[in-house]
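Listed in order, the protein sequences are those of chains A and B.
Residues in the first sequence are numbered from 1 upward in steps of one, following this note's numbering.
Residues in the second sequence are numbered from 518 upward in steps of one, following this note's numbering.
Bear in mind the hints are in silico, worked out from the structure with no lab data behind them.
All C-beta atoms, glycine included, are put in the ideal place defined by N, C-alpha and C.
Some hints here could point you the wrong way.
Stated by the list, open to error - These stretches of chain B come out as covered by chain A in the derived footprint (C-beta under 8 angstroms, 3 or more residues):
# : segment
1 : 546-559
2 : 569-582
3 : 632-640
4 : 702-714
5 : 719-725
6 : 840-846
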Amino acid sequence: MVEHLEQMSFQNIKITAALGFILGAVAFGFLPLLWLGFVNGFSGFDAYLPRVVGFTLKQAFLSTLFSLLIAIPVALAFARRQFWGRDALLKLFSVPLALPAIVAILGIVGVYGNNGAFGGLFSVYGLSGILLAHIFFNMPMAVRLLLTRLDAIPAENFRLGAQLGFTSPQVFRFIEWPQIASVIPGIASLIFLLCTASFAVVLILGGGPQATTLEVAIYQSLRVDFDPARASILALAQLAVCGVLVLIAGQFTRENSVFPRTLSKLRRFDGESALMRMLDIAAISIAALIILPPMVNILIAGITNIHVSDALLRATLTSLGVGLSAACISLLLGWVLADRAAQHATKALRAVIALACLAALIMPPAVLATGWFVILSPIADVSRYAVLLVIILNALMALPFVWSPLFPAIADARLRHDRLCASLGLSGFARLKLIDLPTLRKPLALGFLMAMIVSLGDLSAISLFGSAGFITLPSLIMAEMGHYRMDAAAGTALVLAALCFALITLAQYWSRSDDHA
Amino acid sequence: MSKLFASLVALLSFAITAEAKETLTIYTYESFVSEWGPGAKIKASFEKTCDCTVEWLGLGDGVAALNRLKLEGANTKADLVLGLDTSLTAEAVATGLFGKHNVDKSLAKTPEAWTDDYFMPYDYAHFAVIYDTEKMKVPPKSLDELVNGDPTQKIVLEDPRSSTPGLGFLLWMKSVYGDKSADAWKKLQPRVLTFTPGWSEAYGLFTKGEVPMVLSYTTSPAYHEVAEKTSRFQAATFSEGHYLQIEVAGLIEASPEKALAQKFLAFMMTPGFQDFIPTNNWMLPAGETKDALPDAFGKVVKPVKTLLFTPDEVFKNRRAWMDEWLNTLSK
Numbered sequence: 001m002v003e004h005l006e007q008m009s010f011q012n013i014k015i016t017a018a019l020g021f022i023l024g025a026v027a028f029g030f031l032p033l034l035w036l037g038f039v040n041g042f043s044g045f046d047a048y049l050p051r052v053v054g055f056t057l058k059q060a061f062l063s064t065l066f067s068l069l070i071a072i073p074v075a076l077a078f079a080r081r082q083f084w085g086r087d088a089l090l091k092l093f094s095v096p097l098a099l100p101a102i103v104a105i106l107g108i109v110g111v112y113g114n115n116g117a118f119g120g121l122f123s124v125y126g127l128s129g130i131l132l133a134h135i136f137f138n139m140p141m142a143v144r145l146l147l148t149r150l151d152a153i154p155a156e157n158f159r160l161g162a163q164l165g166f167t168s169p170q171v172f173r174f175i176e177w178p179q180i181a182s183v184i185p186g187i188a189s190l191i192f193l194l195c196t197a198s199f200a201v202v203l204i205l206g207g208g209p210q211a212t213t214l215e216v217a218i219y220q221s222l223r224v225d226f227d228p229a230r231a232s233i234l235a236l237a238q239l240a241v242c243g244v245l246v247l248i249a250g251q252f253t254r255e256n257s258v259f260p261r262t263l264s265k266l267r268r269f270d271g272e273s274a275l276m277r278m279l280d281i282a283a284i285s286i287a288a289l290i291i292l293p294p295m296v297n298i299l300i301a302g303i304t305n306i307h308v309s310d311a312l313l314r315a316t317l318t319s320l321g322v323g324l325s326a327a328c329i330s331l332l333l334g335w336v337l338a339d340r341a342a343q344h345a346t347k348a349l350r351a352v353i354a355l356a357c358l359a360a361l362i363m364p365p366a367v368l369a370t371g372w373f374v375i376l377s378p379i380a381d382v383s384r385y386a387v388l389l390v391i392i393l394n395a396l397m398a399l400p401f402v403w404s405p406l407f408p409a410i411a412d413a414r415l416r417h418d419r420l421c422a423s424l425g426l427s428g429f430a431r432l433k434l435i436d437l438p439t440l441r442k443p444l445a446l447g448f449l450m451a452m453i454v455s456l457g458d459l460s461a462i463s464l465f466g467s468a469g470f471i472t473l474p475s476l477i478m479a480e481m482g483h484y485r486m487d488a489a490a491g492t493a494l495v496l497a498a499l500c501f502a503l504i505t506l507a508q509y510w511s512r513s514d515d516h517a
Numbered sequence: 518m519s520k521l522f523a524s525l526v527a528l529l530s531f532a533i534t535a536e537a538k539e540t541l542t543i544y545t546y547e548s549f550v551s552e553w554g555p556g557a558k559i560k561a562s563f564e565k566t567c568d569c570t571v572e573w574l575g576l577g578d579g580v581a582a583l584n585r586l587k588l589e590g591a592n593t594k595a596d597l598v599l600g601l602d603t604s605l606t607a608e609a610v611a612t613g614l615f616g617k618h619n620v621d622k623s624l625a626k627t628p629e630a631w632t633d634d635y636f637m638p639y640d641y642a643h644f645a646v647i648y649d650t651e652k653m654k655v656p657p658k659s660l661d662e663l664v665n666g667d668p669t670q671k672i673v674l675e676d677p678r679s680s681t682p683g684l685g686f687l688l689w690m691k692s693v694y695g696d697k698s699a700d701a702w703k704k705l706q707p708r709v710l711t712f713t714p715g716w717s718e719a720y721g722l723f724t725k726g727e728v729p730m731v732l733s734y735t736t737s738p739a740y741h742e743v744a745e746k747t748s749r750f751q752a753a754t755f756s757e758g759h760y761l762q763i764e765v766a767g768l769i770e771a772s773p774e775k776a777l778a779q780k781f782l783a784f785m786m787t788p789g790f791q792d793f794i795p796t797n798n799w800m801l802p803a804g805e806t807k808d809a810l811p812d813a814f815g816k817v818v819k820p821v822k823t824l825l826f827t828p829d830e831v832f833k834n835r836r837a838w839m840d841e842w843l844n845t846l847s848k
């Protein structure tokens, strides 16, 4: 009993510390701005604001919708099929997440732009271009996240389905959908927030100020006009819009369905009809057609321009260092949050945890950085701690990517193992080593990897805290472009993409190395 | 793994190394101190003349440097700010943080005589539309021809909300069209492929072959000539004249290193600083250089007329002009 109580209080300390850290960081970011806005007499309610909010919602909604509409059939097809190149294609699906927006945009423009191989098919400037770029970034991520859930379906379910003579739609209805339905609201809010926060894509492919999102407006009022009153109003609008959406999405999150599971090898009996084959081939081809041509363009532009230099090596090491540190922090926070949410959390606590997870995507990084700066600059020389602040900001931004694969897996594992562990008196480190780590190996690896990839490609955090000599791969790309070295920048971008691919291969090797299945 | 860890530790600790000598902290824009910028060379060059250390802090751009200063106020760590331009100087002086430079203003070799007591210029260039000679045989000969020309021949511009050249072009339009600039923007709009967040993205789209024209500087062809040995990209000469960007530096009045900052500003006008400007910052030097400029700079377009608002005019009107641009184009 005493031990049980100790266990409980340790749980409470962990979750309080994690939530305190995240919400504290966000509050420190937002409150100074709010205060500055208050002092300057909030202003900025004008005809411009609803127009900007309207456009923000429209493009984010459409981007989310299309990304998911494509991702769901693609994920189902991947789960059903084994084919040559499947693994490599899936690995490539993680790469867009690591690409700085300008690299992906140049890739897309190189294919569909005025001078591209498929130029003239449609205009990449305007809403269609924004949607295409957002689908390029988010659809493959959604496929990977959905696939982890589909892969977690026990083989017995499909065997049972086959015995009952389920058709493909019935397999979907009774076996697959219940699994992915529990994660779709989470993935949808993640994509929605990423598209709301999208900056370079909206500016470059939007074609002009008619395509202005809240994020762009906040950036303008903070940096160009230096108008905290307006910036705080815009940030409040962003907070309200995104916060409400995240809470609504949370309402649709279903309890996971948990099945008893043995370690028998997964075999699919469904989807053998010619029609299903055609549909799956079509789905995977469409996804490949969206992802591959821009990547090939990036590859061709970069391959002859990789010059191994000191600057490149240093930037690679710095990026790896920042990415590893941010991913560690993110994984630790995400694990604590997911673990607590999986243990009979009340609705309110669950909502707080969900918001905390997405906090750094709801609050624009420019707002957070400004607030931190206002708080920290009187006590410390901020530029000396720029590295640390970038790591923390990246860790917070990567949190939802850790959460997405981890939470459903932990919820499953908890339901399955809690009683067993309680009856065996297994807890603490022993449980971690014997039960949790082996079962959670895959989602932990995926979460860590995605967090790292997100941090590798991030440019916003580093451009907010200037510091001489602190150069990551994305900032090297920008520096090269800023000095007319567009070719060298293409080479560096390819190094970043290749690094990402190598990390994915490594992570997959690690998470499979002693798989029983 | 241990190597990675070691580099991480090194990364974290380099930020905390102690200083011994007098240190001059200079806020500037990122690209001035990047690998190919003149920052490191100028630091070494100045440190030879003083028993001091120069510490650069690279922030996004001139606007970001000024905003950092505003946030820090009197607590700023900066002794000197380098990289503002004349559209920002009035706003900078209004913060009350800057002090007079006391450098001989006649040392400044700018297109018009230098009169600012607070800032000294270190380089300049006129904005220009750069065109691809392989795609465009007949470039526009005036801003008016650009505005009214063939809308299928597009240009990439920078967004004035986030980019200095973007703001420069907005001021260029304003100085040529005055009250009628909203109409002119409306006419130009179909010719603009897109407005990018910064110069780099615009120039990237241009060299990728996406558009035949981009807004850049008169000095851009010199880069291609010197570094890439090609004269494919040329600057179009506009009959109304070209808007000028002058980059400046100024010292912080309350800085404990004010004397050293003053010394740096004087040094800035000499070859020890200026020699690194042309082929590192790709702008025209505003002071004495040791050698003549590379030939390519001799071919740089010399505008028939220099257009430039005073810093005060920009300070007073920038917000209104930007709103006008925003409202004209977002409808």
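A quick look at each hint next to the structure:
1. 546-559: Three-residue rule met by the segment 546-559 of chain B, so holds; n is 8.
2. 569-582: Satisfied; 8 residues make the cut.
3. 632-640: violated (count 0)
4. 702-714: holds (count 7)
5. 719-725: Result for this restraint: holds, n = 5.
6. 840-846: holds (count 3)
Hint check: a violation occurs at hint 3 only; the rest are consistent with the structure.
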